[in-house]
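Whenever a hint applies, use it, and build me the whole structure from the sequences.
Those sequence lines, one after another, are chains A and B. Note that the first sequence covers residues 1 to 401 in UniProt numbering. Note that the second sequence covers residues 1 to 491 in UniProt numbering.
None of these hints come from the bench; they were simulated from the model. Heads up, a few of these hints could be off.
Said to hold, decoys possible - If the Cβ cut is set under 10 Å, some of the chain B residues that face chain A in the computed set are:
#, residue
1, Tyr194
2, Ser198
3, Met346
4, Thr420
Every residue, glycine too, gets a C-beta built ideally from N, C-alpha and C.
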Amino acid sequence: MPSGIKDKVAILGMGCAKFGERWDKDADGLMVEAFDEAIADAGIDVTQIDAAWLSVAFDAQNVGPSGIPLAVGLRLPGIGVTKVENYCASGTDGFRGAVYAVASGACDIALALGVEKLKDTGYGGLPVRTRGTTSDMIGVVGSAPGNFAQIASAYRAKYGVAPDDLKRAIGHVSVKSHDNGALNPKAHLRKKIDIDTVINAPMIAEPLGLFDCCGVSDGAACAIVTTPEIARSLGKTGLVLVKAIQLATSNGWESQSTGWDGTYFHTTRIAAKKAYAEAGIENPEDDISLTEVHDCFSITELVTMEDLFLSADGKGWKDVLDGKFDSDGKIPCQIDGGLKCFGHPIGASGLRMIYENYLQLLGRAGDRQRQDSPKLALSHNLGGMPNQNVSSIAIVGLEGA
Amino acid sequence: MTVSTTSPVGILAFGAYVPRRRLQRSAIHAVNKWYAPGLGGSAKGEKAIGNWDEDPITMAVEAGRDCLTGLDRASVDALRLASTTLPNADRSNSGVVKEALTLSDQLEATDAGGSQKAGTSALLQALSSDQTSLVIASEQRLARAASPAEMSYGEAAASLLVGTGDVIANCIGRYSVTVDFVDHFRESGARFDYDWESRWVRDEGIVKIAGQAIIDALDAAGVEPSSVTHSAIAISAPGAAAKLIKSAGIDPKTLVDNQIATIGHTGTAYPLMLLVAALQKAQPGDRILVTSFGQGTDVLVFEVTDAITKLPARLGVEGWLAEKVEDTNYQRYLFHRGLVETETGMRAEGDQKQPGTTLYRQRKTVLGLVGGKCTETGAVQFPKSDISVSPNNRTQFTQEDYPMAELPVRVVTYTADSLTFSPDPPTFYGNIDFEGGGRLTAEFTDVTANDVEVGQEMRMVFRIKSKDTLRGFTKYFWKAAPRPTSQRKGG
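Structure representation (structure tokens):
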């Protein structure tokens, strides 16, 4: 086991654009909006950045290929820019690149920026696109809600959960996120909803209704990272340090072999175990202060609680209904509204989650600030579909946590 | 005309396919009667219609599978596909059927068309050869809304395996007439038929050409008219078939039900559909008269043998007739056949271009649903890959071809997706496991919410995956469908 990333890299500054239907801006404008906040927070000059990572998932629909759009958008001083596309895990993966660059000593200061313009397609939801030439011949062109909805069918069957009970539990996931999003000025959706609205909403992909699905948004978020020593030398105190970053990528076992039963995310379990080990966390339920997980759909968040070992297998739906993950619960989940309400500009989402965790750890989260002094915060992305995906986990925390 | 009564070549097996949906003619008439009240008389019964993802190729595959049930596919030397509605003008349609049926590459394959008697002509061609030939006739004709043809036409496919060996029926007479009698026509590339007056067709065509041919055929073959026990006459004009055989001295009670009330006129497949229906009811020693009609006629006489009692069970016309879903959604039918322009939305705009290179490299995977089976571990997977997906044994280059289309499958996960574009919403799909190993994320077709549950058993069917409308290319793949009732194991 390698020694890992724990405490080797500090977050120097972060920024996040207002998410939503940003009819007013191109991707460049969103990048500038997030970057201006981050560089002011970092207190450095752009010439001090040694390398950058740009995360975009649907580049064909917005910025186009390569790292050039970031270099041009921010007029970066001729540094290397790496383009990252790894489905919905793109943002966290870009962060990983920047963090690893600093940890290796190759860079003193690195930038990770994620951006997505999804509202230039002409329709709601994610753009329809190819998954490669083989998939075009033998794959199913389903929607994202259709792919994730299948988890519910298997979960109900395995644990004998009545359809109405599961529908109510995933409904609570969304009601909670809307409550949280209402307190977040940068969130895409800021209106509270009640459980009846969720349950009676039009069906998108059985059993997921309209309010079981996250928003598709425009947005950008970014992080500037450095070593703890450099951060201190720049006058920073109360550092937020990277405790763990792990990625797990499906190799076809879930989708082509017969061992996976469809009720959980195989990759998330692998990534979670490795991340807890890297961060030195033995009991996540007690040690993790709060989480930002990939709630692309309500059912995804529910089973992710089990995959992160914050709920026992088959018990996640009861924990959700008991309020364990509400903003005033034992381990708040999506205290900023999550993908559901903050919004989901794909390439930016992983960095948006880290941004929220960073604010919460520093006590800078305003009306939605968790009051019990959070020390360790976990973020999680899931890109792809339940049977074939990329799962990423980042844990950030205060010095000494 | 030649008459053969001594050839050892005969029918070895039969099969059929009738799509599940049976469009109620009353539902058609309810919409159109303001305009065409005269069609009220034919607004009875139902016609078989395929789903949006079915065409003459996919229906032919189903009929071929039914025919080859329990038989060795490697024995097939030739494939004779007949239809006037094949989707490709210059890409072997039978070649696609061959790939789906995983028949040998060393196969003789022909597409026959041009006339309503192409089905019997393909059968005659097979009977003239000592090859083992799979003969399939499949038809999906379009008709204008509110036309008599719309009421009449049904969609189905019939199949016969022809060769030597344990024949279930010997051909004891054959007789053909070809004459350019244009009762209706359709130019190449045209969508609809143009029909001449039905009274002229009946009096000058049916009676004089087909009627006389039956008399001459029986006479030439030395078959006593009274010895015919089943008359499979592919003429749907009311009363015409009965009149013909009566004139030939055959008992009208031998007339095989003309399937108009249940399936419709199935074009080139029609005479073979009637023949298959007759074979399903026949006893050893029975004699079956088959007559097609289209710019002449083919008349064939078969004598059933004892071997018919040993043929492995299959669905045939009778089995598929029972697999029916009554359909009153005439508007859906019009949409599926491109007879009405329906808004499909931006999600349907994706480019469906098919690289010829990738399809050729993976033709067995895509068209034949051939996966891989590890020669060391026995692990099955789809698709085949250089390195095994099995986590317990990282074997490399150990998989051999493993056809999976006939394996039962079970649902592992599913959804009903209302967001993604489908001509038949909602789109049902999910993960399925094959019996004995292997998994696929598959689209489900011909299902309703009641047909799908975790653990539900289904079967794979060859269907249209999508169409590249920009370039005119149809993409096919396999989907999961409900098992016919008679094939269900229960549970």
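Each hint, compared with the structure:
1. Tyr194: violated (39 Å)
2. Ser198: Violated, because the Cβ-Cβ distance from Ser198(B) to chain A comes to roughly 46 Å (cut-off 10 Å).
3. Met346: Since the shortest Cβ distance to chain A is 5 Å, the answer is holds.
4. Thr420: holds (4 Å)
Checked against the numbered hints given earlier, the structure breaks hints 1, 2 and satisfies all the rest.
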